[in-house]
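Based on the provided sequences and hints, a complete structural model is requested.
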Amino acid sequence: MPVRGMTLAHLHRADLGYGSDACRVQLDNLKNLNVNWIAINPFAYMPQINKPGLSFGGDRSMSRNNMIRVVKDAHERGMSVLIKPHIWSGEFARGKSPMEIAMTTDADWDVWFASFTDYIMDNAKLAQESGAEALSVGCELEGTSKHTERWKKLIAQVRTVYTGKLVYAAAFEEWKQIEFWEDLDCVGINAYWPVADVRNASDEEVRAGWRNRLASLVTFAKKINRPICFTELGYTLSDKAAMEPWEYAVETENAKLQERLYTIALEETRASGVVVGVFVWKWFTADAWKRHERGDPFAIQDNAALVERIKHAWMH
0 MPVRGMTLAH LHRADLGYGS DACRVQLDNL KNLNVNWIAI NPFAYMPQIN KPGLSFGGDR
60 SMSRNNMIRV VKDAHERGMS VLIKPHIWSG EFARGKSPME IAMTTDADWD VWFASFTDYI
120 MDNAKLAQES GAEALSVGCE LEGTSKHTER WKKLIAQVRT VYTGKLVYAA AFEEWKQIEF
180 WEDLDCVGIN AYWPVADVRN ASDEEVRAGW RNRLASLVTF AKKINRPICF TELGYTLSDK
240 AAMEPWEYAV ETENAKLQER LYTIALEETR ASGVVVGVFV WKWFTADAWK RHERGDPFAI
300 QDNAALVERI KHAWMH
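Positions 0 to 315 (numbering that gives the first Met the number 0) are the ones given, in order, by the sequence shown.
Calculated directly from the structure, the hints in this document are not laboratory data.
Virtual Cβ for every residue (Gly too), placed ideally from N, Cα, C.
Fair warning: there could be bad hints in the mix.
[Claimed, not checked] Think about it this way: if two alpha-carbon atoms lie no more than 20 Å apart in a straight line, the pair counts; the simulated DMTMM-like pairs of lysine to aspartate or glutamate are:
#1 K124 x D184
#2 K71 x D14
#3 K152 x E181
#4 K175 x E148
#5 K50 x E90
#6 K164 x D121
#7 K281 x D238
#8 K255 x E243
#9 K145 x E178
#10 K164 x D117
#11 K71 x E128
#12 K164 x E128
#13 K145 x D182
#14 K221 x D184
#15 K255 x E203
#16 K255 x D295
#17 K164 x D184
#18 K50 x D117
#19 K30 x D301
#20 K281 x E243
#21 K255 x D301
#22 K222 x E181
#23 K281 x E307
#24 K95 x E243
#25 K164 x E132
[Said to hold, decoys possible] Per label pair, the in silico range of CB-to-CB distance:
#26 G294 x N33: 22 to 28 Å
#27 H315 x E148: 42 to 48 Å
#28 Q127 x T147: 24 to 30 Å
#29 A101 x A13: 31 to 37 Å
#30 S114 x N302: 35 to 41 Å
#31 A106 x T147: 15 to 21 Å
#32 R76 x G272: 27 to 33 Å
#33 N211 x R12: 40 to 46 Å
#34 A214 x W108: 31 to 37 Å
Listed below in structure tokens is the structure:
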């Protein structure tokens with residue numbers, strides 16, 4: 000069955016996040032949207048992206064019991080669960096990104112991978128205990144993924160405690176450099192690549208852009224012999240969304256373009272024959288997201304027309 004996935008984003012507030020009554024309401028809404036997988040996102044924190052120092056487990060709004068409960072709640076609604084750990088740094092608010100996490104010495108790399116392995120192993124144990132069907136061992140860590148042997152060692156350790164499916168969520172160009180795909184069960188790609196080079200792109204331009212991107216994945220899939228899943232796929236209301244899907248800033252809105260981008264992406268992905276599905280980015284655990292998360296431009300749950308488009312695309 001194709002993955003009709005949604006990233007369920009945690010609201011970092013009491014009684015609004017994972018495991019809450021509010022979250023269960025949203026899971027019901029996602030069930031009605033024909034969602035059959037959700038991705039949930041634990042977080043670790045790094046003060047600086049070029050120095051080791053990674054902490055996790057300190058978020059009181061996202062306790063282990065909360066995480067186990069949201070997996071249980073999803074299962075009760077017939078949904079499978081991908082646990083997809085992320086890293087956050089204050090430097091991201093100043094223009095940096097997870098793709099730029101990189102150490103400057105071998106000694107620092109050793110320390111960073113040791114702490115990162117602890118983080119992923121903690122989530123592997125959570126995934127095993129909760130019965131989550133899949134676990135991502137990393138997300139858009141392009142500055143680290145060239146360290147193939149370190150990643151292979153981490154993946155081997157994870158398999159000692161977790162028996163589900165393993166994936167890595169690569170940045171949209173990073174997937175080409177990774178040499179540990181064969182150690183995983185699925186190739187994950189966060190599909191934010193440009194599919195047009197003009198504002199307000201036409202359907203024909205967008206479809207051509209997608210077909211060009213997907214053609215290289217068809218060739219790759221035959222070589223690697225692994226399924227491919229888009230671990231993130233998202234568009235804002237921006238009239239530049241086809242050009243810069245990753246961009247949070249919205250200068251000029253075009254709601255119809257956003258609807259068309261999602262529709263075409265889901266149609267072309269399904270037609271490719273090599274992509275097993277997508278996780279849309281994103282849907283918050285409560286309808287209070289505007290007040291609490293400063294109006295995240297990727298949130299779609301208050302956009303009835305777009306939600307209906309996605310539901311329709313997943314039904315056909």
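Open item on the list: Would the hint linking K152 and E181 be met if the CA-CA limit is 20 Å?
Closed with: 13 Å, holds
- [ ] Below or equal to 20 Å on CA atoms is what counts here, so check K71 against E128.
- [x] 11 Å, holds
Task: Restraint check for K281 with D238, where alpha carbons must lie at most 20 Å apart - done: 19 Å, holds
Task: Distance restraint between K30 and D301, which requires alpha-carbon spacing of 20 Å or less - done: Cα-Cα ~16 Å, so holds.
Task: Pair hint outcome, K281 versus E307 [Cα-Cα no greater than 20 Å] - done: 15 Å, holds
Open item on the list: Against the 20 Å threshold, does the CA-CA distance of K164 and D184 hold or violate the hint?
Closed with: 6 Å, holds
- [ ] Could you grab the alpha-carbon distance between K255 and E203 and see if it respects the 20 Å cut-off?
- [x] Measuring from Cα to Cα gives roughly 15 Å; hence the hint holds.
Open item on the list: Just to be careful, I want the Cα atoms of K124 and D184 compared with a cutoff of 20 Å; is the pair within it?
Closed with: 18 Å, holds
Open item on the list: Please verify whether K164 and D117 have alpha carbons no more than 20 Å apart.
Closed with: 19 Å, holds
Open item on the list: I want to verify a distance hint. Is the separation of the beta carbons of S114 and N302 within 35 to 41 Å?
Closed with: The hinted range 35 to 41 Å holds for S114 and N302, with Cβ atoms some 39 Å apart.
TODO: Given the hint of 40 to 46 Å, check if N211 and R12 actually sit that far apart at their C-beta atoms.
DONE: The hint (40 to 46 Å, Cβ to Cβ) holds, given that N211 and R12 are roughly 42 Å apart.
Task: Restraint status (C-alpha distance of K145 to D182 at most 20 Å) - done: 15 Å, holds
The earlier numbered hints are all upheld by this structure, with none contradicted.
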